[in-house]
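Asks: Protein sequence lines correspond, in order, to chains A and B. Going by the working numbering, the first sequence opens with residue 1, and the numbers climb by one from there. Going by the working numbering, the second sequence opens with residue 1, and the numbers climb by one from there.
Which copy? The list can't say, so a pair holds if one copy fits it or any two copies do.
Here are the simulated DSS-like pairs of lysine-lysine, each with C-alpha atoms no more than 25 Å apart in a straight line:
#1 LYS64 with LYS41
#2 LYS64 with LYS197
#3 LYS2 with LYS124
#4 LYS197 with LYS2
#5 LYS102 with LYS2
Hint data in this document are derived by calculation from the structure and do not stem from the laboratory. Note that the structure is predicted; figures quoted are calculated from it, not measured.
If you want the building blocks of each chain, they are given just below.
Number of protein chains: 2
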Amino acid sequence: MKSFWTDTVRRLTPYVPGEQRRGADIVKLNTNENPYPPSPKVIEAIQAVGSDALQRYPDPESAKLRQALADYHDLDISQVFVGNGSDEILALAFLAYFTNGKSLQFPDISYSFYPVYCDLYGIKPATIPLEPDYSLNLDRFEANAGGIIFPNPNAPTGCDVPGQAIEDLLTRHTDQVLLVDEAYADFGATSVVPLIKQFPNLLVSHTFSKGRSLAGMRLGVAFGDAHLIDGLQRVKNSFNSYPVDVLAQAAGVASINDESYYRQTLGTIMQTRAACVANLQARGFQVLPSAANFVFARAPEGDAKGLFDRLNNAGILVRYWPVERLDERLRITIGTPAQMQVLMNCLDA
Amino acid sequence: MKSFWTDTVRRLTPYVPGEQRRGADIVKLNTNENPYPPSPKVIEAIQAVGSDALQRYPDPESAKLRQALADYHDLDISQVFVGNGSDEILALAFLAYFTNGKSLQFPDISYSFYPVYCDLYGIKPATIPLEPDYSLNLDRFEANAGGIIFPNPNAPTGCDVPGQAIEDLLTRHTDQVLLVDEAYADFGATSVVPLIKQFPNLLVSHTFSKGRSLAGMRLGVAFGDAHLIDGLQRVKNSFNSYPVDVLAQAAGVASINDESYYRQTLGTIMQTRAACVANLQARGFQVLPSAANFVFARAPEGDAKGLFDRLNNAGILVRYWPVERLDERLRITIGTPAQMQVLMNCLDA
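With the sequences and hints as input, model every part of the structure.
Replies: Below is the structure:
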């Protein structure tokens with residue numbers, strides 16, 4: 001049969017998300033979700049949306065939500081962009097800023113969606129090797145390239161780079177867009193959102209999926225100079241006018257306005273992370289320093305695959321990649337203390 | 001200041017959606033929304049989603065929703081694709097099927113997002129003129145082009161083409177993808193979804209925004225041969241893994257399962273349309289035959305702009321395009337009988 005796929009479709013190697021297996025006995029520590037529900041005020045805000053609002057198109061500009069985010073970060077609304085999860089924002093940003101014929105620089109061990117976007121748009125990747133200790137040395141990024149993107153903290157390592165090092169990088173490279181993907185910055189890294197006022201080439205992406213417990217809602221944010229954000233708006237308005245639905249807009253505003261709930265759940269997760277690191281180390285794991293809601297730990301004797309299978313059979317889902325430099329390690333999401341105890345019990349058994 | 005916009009961003013002329021002005025006194029007949037709320041069962045389904053589901057990622061494959069749609073249309077789940085509104089689906093489909101270096105054929109008067117997608121991806125458009133009576137003659141589409149897309153019924157005309165004419169077109173042109181955009185097909189046009197079993201080059205898009213009263217939720221569907229849908233999945237999974245949130249998936253299933261509510265609201269809108277056409281004709285309008293939830297009517301003496309302004313000042317929003325062949329006409333969404341009466345009263349004043 002004749003295939004109607006274009007070369008674009010043919011050359012793709014799509015992203016593969018973590019398994020979404022569910023069940024009462026499943027301990028799901030594989031997709032870096034928040035173990036706590038969103039703020040009760042978020043639920044109230046969703047339930048308060050009337051059915052008449054469902055029948056109407058949402059505000060295509062998401063003005064209330066963007067204003068709430070602008071106020072929260074002491075920015076102007078023109079410096080804020082929202083989308084259908086931070087993945088959509090990354091996809092639009094790659095098209096808007098990195099389809100310039102030059103190479104896009106990102107760490108060789110990083111979020112595995114970046115090379116997928118490169119395939120999608122025909123962008124040439126230039127990977128920057130992590131150091132032997134899995135840290136990211138920003139001096140390795142070169143001038144005159146087509147752009148730079150890295151997560152801070154990085155995934156799946158959890159390691160962060162200091163804000164000052166990013167500021168130095170921006171001072172060195174004023175000729176290309178730097179996209180700092182702060183999906184996990186809530187859990188301890190220094191956000192560079194304040195630097196967008198100084199550097200017109202800095203774009204910072206956030207998500208409501210991790211620290212704000214709204215993975216089910218699909219809500220992402222980008223911050224940048226008004227000119228950068230305007231470019232992103234142009235691409236968005238040439239792709240999908242209404243990517244953020246009425247319920248997500250209402251949920252986002254309610255989440256931003258409940259700072260105390262957010263701080264409390266973040267604090268609990270960071271405490272659980274510290275205990276988890278100690279408990280894993282006591283069991284012979286080597287754990288990278290994590291500023292995220294997960295740890296990347298070398299299994300005893302490096303037998304990550306065997307351990308992954310045993311945990312999986314016991315209904316404990318973690319993430320494993322059969323790839324050089326990663327294949328002796330597991331990425332374990334920080335769950336509730338009770339979930340981490342189940343994990344430790346299984347490791348002891 | 002240096003601009004970081006790529007040529008892609010620069011060449012765009014983004015889509016401009018209809019005004020979203022709101023207010024107690026506003027009669028909003030400008031964006032073809034449904035004047036009735038979604039089924040009460042949809043509201044129940046949204047409220048029944050627990051907060052624990054909000055903290056977890058949604059099913060990236062939207063399997064329950066796709067299965068419900070497959071059952072409804074007597075298809076296999078492999079023939080069904082869902083996305084963040086039908087605009088997102090069109091955007092992905094253009095990338096998947098029309099970036100082939102050849103020209104994409106669509107009517108010169110049609111959904112104004114099609115040329116925007118062409119700009120976004122660098123696709124060359126080949127516009128097919130409508131007939132003097134605004135009908136679409138499918139014989140005008142040529143062989144050996146890069147694809148064909150048209151809405152059925154067309155927008156902003158509301159005119160439909162018979163299913164048999166589309167089947168004949170498919171029989172003639174087996175070498176290019178035909179995308180039939182059935183956003184408005186609920187209101188009287190013949191759907192060609194059953195033809196996807198015969199024609200591997202037919203893709204049909206639907207939306208929950210019009211007939212199903214869920215514009216606020218962002219939910220669209222595509223139907224096609226499993227190979228076509230697989231191509232779309234590959235692009236989607238290279239762009240955004242989770243475009244449809246948990247609440248939209250639940251709302252979609254509940255809507256599909258409440259056939260009687262859906263049929264009832266559609267029936268009411270079609271009755272209101274018939275009355276509206278008669279009332280406009282009685283006031284000197286020439287109204288094109290409409291199979292959609294709007295009418296495209298030539299104003300008395302062709303003074304559409306003057307009438308648009310007067311209606312707008314009275315808080316009645318309709319759509320007007322200052323473009324050749326459209327500029328003597330208004331597109332008026334079919335609202336409730338009470339809303340249409342406000343319109344008629346204003347026309348009489």
